[in-house]
Structures are given as C-alpha cells and as structure tokens.
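Construct all of the structure, not just a fragment, from the sequences and the given hints.
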Amino acid sequence: DGGITQSPKYLFRKEGQNVTLSCEQNLNHDAMYWYRQDPGQGLRLIYYSQIVNDFQKGDIAEGYSVSREKKESFPLTVTSAQKNPTAFYLCASSLPAGPFNEQFFGPGTRLTVL
Amino acid sequence: KNEVEQSPQNLTAQEGEFITINCSYSVGISALHWLQQHPGGGIVSLFMLSSGKKKHGRLIATINIQEKHSSLHITASHPRDSAVYICAVPWETSGSRLTFGEGTQLTVNP
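In the order they appear, the protein sequences are chains A and V. Going by our numbering, the first sequence opens with residue 295, and the numbers climb by one from there. Going by our numbering, the second sequence opens with residue 242, and the numbers climb by one from there.
Some clues are possibly wrong.
[To be verified] Example chain A residues on the side facing chain V (calculated, C-beta under 8 Å, incomplete):
(1) Pro302
(2) Tyr304
(3) Gly336
(4) Leu337
(5) Ile345
(6) Val346
(7) Phe349
(8) Gln397
To be clear, the hints were calculated from the coordinates, so they are not data collected in a lab. In this text, a Cβ means the ideal position worked out from N, Cα and C, and glycines have one as well.
Okay, structure coming up:
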C-alpha cells in the first residue's frame, strides 16, 4: 500500500535536546512538507522540499532543520533553539509543485518536551 | 486578519441534520482544498476544487471564485462525520504551498 509513514507517534524529550522526526513516503512524490499544528491554530508550514537535495523555509523555520537526501525521506530535526517545540507535527507529500496537486498527509507525531 | 477564515469554529448537530461549513479567503489562486482531520490527528484530503461543485457520497463542496468563498456541506450527518474540517488555499506565488484555515470542529450526536 502506498502512503506516508511518520514515526514515532508519540515522542517525549527533555528540554535542550535535539530530536529528529521521521517521514517516509512510497508514493513516488517529488514534493514533501513539514507542518506544525497547535491547538486553535491552522497548520503552519515549517519546511518544504520540491526535489531531492533542495528545500525551502516555510513560515516558522526557526529552530528546525531538515534534509532531503532521498526522494522518499524528509526527516525533521527539532533543535534546542526552538523555543516552544511541544506540538503535533505532520508530514505531507504531493506530486510536483502545482496548485491543483493534492497533498497526502502522514499520521503525525505528537512531540512533548518536558 | 487571517488570510483563510472558516465559520463556524465549532458546530454541534444531531444525527441526520444538514451541515454547512464556510470558508472565505483573501489570498491564493483559484483553487481550494477541503481536508478532514479525525480525533487521532490524521488528515485526509476530501476535495480539491477550482470551480463549481463536487460531490462525494454525502459530502458536497462548492466554490465561488469571484467571491473567494467555498462551502462544505454534509447531508444526512452521522456521528462518524465528527471531525475537524479544514480548508486550505494555495499561495499565489507557489502552488505547492498552502495557507490553512483554523478548522471547524464538527460534533454529530446520535
């Protein structure tokens, strides 16, 4: 079955530690995205990548880093510089950039920083 | 002011009722996505529409490009329809980036 997987579903970390969230897709999509969701707010774009070895900052990139070494993988690192990292993180992918391309979402990772 | 606004923010209905969720946007190009987020957090795409109306089962989505407004309707609502419904609009400059509304929390009681 084609789809997007994110792991783990729940993640707990101590303040000051970096943590990496996994996102893998087998849909052969070129574009991948990371979003953050906070209660009462719409999804906000952290980073996106349209092709391998290339990525762009979204609206809230500070304190985050990404890599895109393989087409199917787009891991997100939440660094200690992110002031308020506790949130729900969603990864998505789509066909090449275009306004009419549906985005497919993973199940999400809920990160709690203690 | 949000670039994508949804109303209402919360909606409670009885099973069988006709539901309408609205979305207005001030940016973006001539297309709009409707998404559904279930309590577990997973999001699925319901519709992408650029004109007129689309129907899938009991769900109907309409869009008025000139007025920059879209509605999502649910006929014969059922408790399993309880979810957050989100509209999203592609940016003008890059179609792959979306601006999301805050979502409408729908609860359908039996």
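Hint check:
no.	hint	in the structure
1	Pro302	violated, 13 Å
2	Tyr304	violated, 11 Å
3	Gly336	holds, 4 Å
4	Leu337	holds, 4 Å
5	Ile345	violated, 11 Å
6	Val346	violated, 15 Å
7	Phe349	violated, 12 Å
8	Gln397	holds, 7 Å
The structure does not agree with the numbered hints 1, 2, 5, 6, 7 stated previously, though it agrees with the rest.
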